Each structure stands twice: as C-alpha cells, then as structure tokens.
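Number of protein chains: 2
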Amino acid sequence: MPNEAVLRKYARLLIQTGVNIRKGQLLVIQADVQNASFTELCVEEAYKAGAGEVWTFFNDEYIHRQSILHGDEKALSTMPKWRLKQEEEAQERKCAELHLISSMPGLLDDVDHSKAGRIQQARSRAMKPYYAYTSACLGQWCVAAVPNALWARKVFPQLAEKEALSALWDAVLRTMYISEDNDPVQAWEEHDRALKEHCDVLNQMQFQSLHYANSLGTDLVVQLPMHHIWSGGSETARLTKAVFQANMPTEEVFTTPLRTGVNGTVVASRPLDLNGTLVEDFRFTFRDGEVIDFHAEKGSEALEHLLNTDENSRRLGEAALVPYDSPISRMNLLFYDTLFDENASCHLALGDSYPTQIEGGVEMSEEELLAHGGNVSSVHVDFMIGTQDLNITGYDQEGKEVPVFRNGSFAV
Amino acid sequence: MPNEAVLRKYARLLIQTGVNIRKGQLLVIQADVQNASFTELCVEEAYKAGAGEVWTFFNDEYIHRQSILHGDEKALSTMPKWRLKQEEEAQERKCAELHLISSMPGLLDDVDHSKAGRIQQARSRAMKPYYAYTSACLGQWCVAAVPNALWARKVFPQLAEKEALSALWDAVLRTMYISEDNDPVQAWEEHDRALKEHCDVLNQMQFQSLHYANSLGTDLVVQLPMHHIWSGGSETARLTKAVFQANMPTEEVFTTPLRTGVNGTVVASRPLDLNGTLVEDFRFTFRDGEVIDFHAEKGSEALEHLLNTDENSRRLGEAALVPYDSPISRMNLLFYDTLFDENASCHLALGDSYPTQIEGGVEMSEEELLAHGGNVSSVHVDFMIGTQDLNITGYDQEGKEVPVFRNGSFAV
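Chains G and D supply the protein sequences, listed in that same order.
Okay, so the first sequence: first residue is 1 according to this note's numbering, each after it adds one.
Okay, so the second sequence: first residue is 413 according to this note's numbering, each after it adds one.
If we strip away everything but chain G, and leave its shape as in the complex, we get:
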C-alpha cells in the first residue's frame, strides 16, 4: 500500500479534479467494502472541499456472488422501489457521483451466466431513467479504481499477494499522474489540454466514416452521424456548471458511430471482463450496424447474453481513439478492467451512446436520438481493438482519404 500522504493525494484528486465537488453539494459514493479505508479518505477530502453531505454505499462482490448463486431470481430481478427513489432523490438534489470500482476478475466465472444476465438486464432496465443524469452530464460524476488483492494477483500472477498489491497500486497511481513529489491536480490540467487539442482537429474534419484495418483481421467501416462530436478529458455538468473528469484515468477521444452504419469484421485485441467472466479471443461481424455473427474462444455464453440484452445491444454506441503509445499502453499490462484497458487501446462499445456526442443530442428524445444515428440501450460495454499495426483512415465530407491512425498512433 502507498503511504497515507500519497493515498490522500489520490483522494483529493478524485474530489477536486474528478467530481470537483461544489460548496454544500451532496456527494454519493459507491465503493467496495474492501476499500473502506480509502473511501473514508475520500469522504474526509469531500467535506474539506465543502461537501454538504456524503452518502456512501458499500458493495460486497462476495455477497453479490452468493445472491446470483442462491438467491430467488424473481426477487433479485425486481429492483426495489427504494433503490429507484434513492437515485431520484440524489439527482433532485443535484448530487455529484463518485464510483470507486475495484475489479474482481474471475469471481463470477462459475455462476449461472444466463441467470446473472437476466437479473442484470432487469435491473438495468429499471435504472434506465436515471442513467441520463451521468450519461448526459447533468451532474458531475467520476469513475476511478481502487486496487484489491484478488485483482492484483490476476494482473501480477508471478508476485506474492503483498507485492502484487503494491505493484498494482504503483501502476494505478502512474495512470493517475500521481507521484510522491508532484501536484496531480496541475498534471491533470496539462493532460486535459492535450486531449482537447485532438478533439478540436477531429471535430473540424467531420469525417463521414472511419475505416479500421490491422493484421489481426479487423476490416471495419464505421460511419459517423452528421454533426457528431469528439470529446475527451474534462466535461462540464449542465446543472452545476462544474468541470469534471468522468473517467480517471482517461486517454481516449471518442464519439458515437452511426447506429445503422457499421459494416465488416472487428477482432478484439484484449480480453473483456464481463461482470466477472473473462471473454477471450472474440470477434464480431456487422452488417448495417448490427452484429450478425460473433465468435469467442472463451466466455461465449456471457457475450451472447450481452448481445441479447435488448434490441439495440447488438449495435455500437461509442468509437474511441487511444494511441498505442499512450502511457497506459506503454506499461504493457493487462489490467483486466475496462477503465484501464480501454485507455491502453482504441476501442468500440456495444450498446448505449452518449447523447452528448451529437449536436443537440442531450435535448433529444430517445426517438430523435435514434433518428439522428445515436444508439439507445440499457448496456454500454467497451471492447478493445487497438494494435500496434492498426491503421484508421478517415473519409471527409468530400470523400477524400485522410490518415487518422498509422501503426497504432495518431497521424492526423
């Protein structure tokens, strides 16, 4: 474990740069019981920064596992009304949300995935009305990670538990631009400026489509909707006007694909941790935006459940560009967690698109969003496609070819 000064620096970064808590604001924290002591630091820093109240909700993955193994499916599939009320009340009070995730790779490998999928799907459906608060940036939110021993052993299988945990903490802190002697808040201001410059260029180009190709077998054309927006780094909450970082770390710039305009084959370049099940060596074939075929060497069942979640879970909701030489990529680690692995690699996401990525999208109804080419689903699952030899070619408004990525990195 890092010393308390460094941990406190991390907590302060999440409060100041991550959710950027406002005076008197309600902060809602979701965390894992294993990370209670780090969560306590975050609460302390939140109050120091002026939070009026902090609601902390602890999750326990071992208990979640028990529920899936032995609980009554009907009961578990019915989202309690108080849970919806909780979300409603927090949002009415213009809360900020901090999600401290702590990956537990493999923990759900042996559960009934079809049962787990149905429960997850039912609960997501019930929560859907509340997703816009974060996905449309009404309030500030931040997702960040806290290491745990199980996760550390998965990332560093060659190390003993204590050393593995220490190594994972080091890696996580590096992705967060935290060192013993720097001011990470300032480091993030610089990092954010660099991401914004890439977005500016891409937004000026307004590509009609992107053609992805590499030696893994990816040969995919992704059309982009009219008036699509590339974003990256900080965002501004519409209700509170506070600037925040939704994902920490973040190295990506991203937009939304045209939900009916994806054709060809894409091969995943990294495994995907799907609610605890590892999906490995998988590929999708798209026609007119929809997955019409897929294959996975491992975890095929879990992947199939994801694809069948709802009528739009077979379509894309995000296309993100991350250079192969990004800091996280350079570590050459598989984190078994999307928050990190997506920032090591170009990726796509199945499911919901962010309405913020189409001009005027946040004011649109679901029907309007679909009509403008955005996607609407109860899931949003990133999968990695970036490789060192990935080339992406853009086609601009006149159909002219523009190299966007060459050999895994920005060429534009």
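Keep in mind the hints are simulated off the structure, nothing from the lab.
Since we're looking at a predicted model, the values are computed, not measured.
Note that beta-carbon positions come from the ideal geometry of N, C-alpha and C, so glycine has one too.
Careful, some of the hints might be misleading.
[What the hints assert, rightly or not] Listed next, the in silico DSS-like pairs over lysine-lysine satisfying Cα-Cα at most 30 Å (straight line):
id, chain 1, residue 1, chain 2, residue 2
1, D, 486, G, 81
2, G, 23, G, 128
3, D, 493, G, 94
4, G, 85, D, 566
5, G, 85, D, 435
6, G, 74, D, 506
7, G, 23, G, 85
8, G, 81, D, 460
9, G, 23, D, 497
10, G, 81, D, 812
11, D, 506, G, 81
[Stated by the list, open to error] Take a look, some chain D residues computed to stay more than 12 Å from chain G by CB distance:
id, residue
12, 465
13, 505
14, 677
15, 720
16, 723
[To be verified] Which chain G residues stay away from chain D? Per the calculated CB distances, all over 10 Å, these:
id, residue
17, 2
18, 36
19, 39
20, 44
21, 48
22, 75
23, 159
24, 169
25, 181
26, 215
27, 324
28, 396
Please build the complex by placing chain D on the supplied structure of chain G, with the hints as guidance.
Then chain D, alone, in the frame of chain G:
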C-alpha cells in the same frame, strides 16, 4: 480470529436461532464494513437456510464521524425519503432483520454532542413509524455483535491488538454458548427454557411494584402496570409465526415499568456507551416516573441530550432482571457495549417501552399504550444498576412483601 469452522457456527446460529429465516424470506442485514467477511458468512448461511433474497447494508463509523464533524446539520437531519421507503418495502415483504453491531467506544468523544444529538433525534423521529415492526415483534429480528480491533483494545487495554481481538472473540463466543465441540443451536434451546421458567413465576406473581436498594445509593420504587408481562429469551413473530431471539446474547427477563410510577434515586453500576461517548458514574432521581435530577462525573452533556430527546425520554421503558452470577457477569469484563453489559446486570431503560410487555399492548394506539402505563419515545437506552448486594423486594396484589432478588441474584 477464531477459525472458519467456529465463525461459520456463529453465523449459522444467528441465521437459525437468531432470525430463524423462513423459506423464500427477505433478510435485511445491517453490518459494519470492518466485519464484511463475517457478514459474507451470514449471507451464505442465510441462503443455505432458504432465504429468497438478502439485502446487506454496510455502515462505516469513521464516515459517520466525518459527517457529524463536518456535514451540514440541516441536510443530515433530514432523513432521505428513500431510506424510509427502504424500511417500508422491507416490512411489506415481511422481512427478517439481522443487525450485526460492532462497538467503537470513544470514537465520537470529540464531536459536537449537541449537533450529534439533534441529528440523531431528527432521524429517530422520522424512523419512528417503522420501529413497531421489531419492537412489537411483527417480524423476526436479531441483534448480535462482531468484534473489531478498536473495541477489543478498549475491553483488553493490557493486551496487544491481535491478542485483544482474539480475547474479545473468545469472550463473545462464550456469551453465545459456542464452543469448538458443541451444537450451539441446541445449547440455546436449553438456555431459552430456563429463562422462560423465571418469566412464568414472575407473571404469576403480578407484582404491583419493585423496590430496588443497594449500598451504591440506589433506593428506588418502580411500579408495574396492570397486566404487565415478563418476557425473556425467544419471541414469536406475529406475521411469520417464526420463533426468534431478538438479542444474542441474552440473560435477562424484562417488563415495562408504569411510566408515571417511578420514585427515588438510582445509581448506575457501570459506564454507559452513548453513541460513542462514555458516560460514567451517573445517577438519576425520579418523581412520578420522570427524571427530575441527574448527575454524571463524565459525559454529562451527552446524557442531558438523551434526556431531552423528546417528552418521554425522561421516563422508563424497561425494567430487566439479570442475576449477578449470570455467565456474562461471571466473566467480570466491561464490554463497553449494552448488548453484553446489560446481560451482566439488572438494568432499566430510558425511553420507549415494548408494547409486547402489556397484555393487548401490540393492538393499542400510542395514546392507549400511554394510558395503560407504557412509554412512547424515539429512544430506548439501557443503563446498568445491578450490584452484588442489590436487593429487590416485590409487593404483590395484596401489598405483601416478596423477596425477588437477594444479594444480586434471584430469590423468588
């Protein structure tokens, strides 16, 4: 820490004998984050015993402390509606409730007690409508304890942390009648029978009043309402018909005093841990049921806040008899936790009385309950009065003296 087999025995005892979970029933667990791994065992045993669903809510006392120190009083005093909805929904579903407490003595010593008191009072008032579910035994509920390091160091200040924790576990398991080679479920059946025999005798006597006297300075007459009921050990939930143990451990038999019929002085024989503040060397003077004077060498402020909670928090809601030679008493430990210390000693409680302790009480409105001599308050706080030389004399329906306790133990 005890080995896993013993911990599992404890978890099973709480599920089978404590809440006695029914097939398909919802179990609601409240626990401290520090005790997550024991909580996980309880969830596992609950599902094994047929629970349909388990809701687990984790509390973190360090976060609670931060809230009291730095949170906005108005926000904290407003109980969120979802929290009430949560209670309502659990009770509609005829849940069983398991509270795993884990004392943190002294943790709140340095907070603003007046602020803490007002917040506590406001939240208790909001929750009042939901207390009957447990206090009137509609559903099964069980309060039991799980050791933590801070608590262990307080109980065993002469030991190092690891040894102290081990010693506290040993002590707690002894109070629960758990040993490596016994069946604690069976041990509790025998224990329960013994408590029921004492209740039967006291219920037959139907004393008009009890006169408490000892060398500490206690000289108190406590009248009992007409048709009062002495209870002890297991109870039966009215909605589910399941037999359960509300407190584990339990060594007491108890009834409700007449709220207008308490006169004289009572001197506490042990310190009282009041929401983290230790109240020491305190006494109350009663006239016509009400505390008209009090004194505490330490923690006087916290005690005053308690007395001023509402209009009935200065009156008694419980009188309980525990022999000075009960197993917990014989350990001669101060646990700094009411659940244990009350079972080492005769005690009284300020505040709410259990409607179950007057015939027909559970069907009465609050007004009827008050008219029959019961007490209605948003607090219920036990304080210890038993000593080795405590004498209690009962006065029966004809005014005849009957020795109930002599030299700290049952004489009846």
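Status of each hint after checking the structure:
1. 486(D) to 81(G): holds, 25 Å
2. 23(G) to 128(G): holds, 29 Å
3. 493(D) to 94(G): This hinted pair holds, its Cα atoms lying about 16 Å apart.
4. 85(G) to 566(D): At roughly 40 Å apart (the allowed maximum being 30 Å), residue 566(D) and residue 85(G) break the hint.
5. 85(G) to 435(D): holds, 28 Å
6. 74(G) to 506(D): holds, 16 Å
7. 23(G) to 85(G): holds, 24 Å
8. 81(G) to 460(D): The given pair, whose Cα atoms are some 27 Å apart, holds under the 30 Å limit.
9. 23(G) to 497(D): Cα-Cα ~28 Å, so holds.
10. 81(G) to 812(D): Violated, because 57 Å separates the two Cα atoms, which is more than 30 Å.
11. 506(D) to 81(G): OK: residue 506(D) and residue 81(G) at ~16 Å, within 30 Å.
12. 465: Since the minimum Cβ distance to chain G is about 4 Å, residue 465(D) lies within 12 Å and the statement is violated.
13. 505: violated, 9 Å
14. 677: With a cut-off of 12 Å, residue 677(D) remains clear of chain G, as the shortest Cβ separation is near 42 Å.
15. 720: holds, 25 Å
16. 723: holds, 29 Å
17. 2: holds, 19 Å
18. 36: The claim breaks: residue 36(G) does not keep its Cβ more than 10 Å from every Cβ of chain D (closest is about 4 Å).
19. 39: The assertion about residue 39(G) is violated, with a minimum of 7 Å to chain D.
20. 44: The assertion about residue 44(G) is violated, with a minimum of 5 Å to chain D.
21. 48: violated, 7 Å
22. 75: Violated, since 4 Å does not exceed 10 Å.
23. 159: holds, 23 Å
24. 169: The claim stands: residue 169(G) keeps its Cβ more than 10 Å from every Cβ of chain D (closest is about 20 Å).
25. 181: holds, 28 Å
26. 215: holds, 46 Å
27. 324: Non-interface label stands for residue 324(G): nearest chain D Cβ at 39 Å, farther than 10 Å.
28. 396: Residue 396(G) is indeed farther than 10 Å from all Cβ atoms of chain D, at 50 Å.
Hint check: violations occur at hints 4, 10, 12, 13, 18, 19, 20, 21 and 22; the rest are consistent with the structure.
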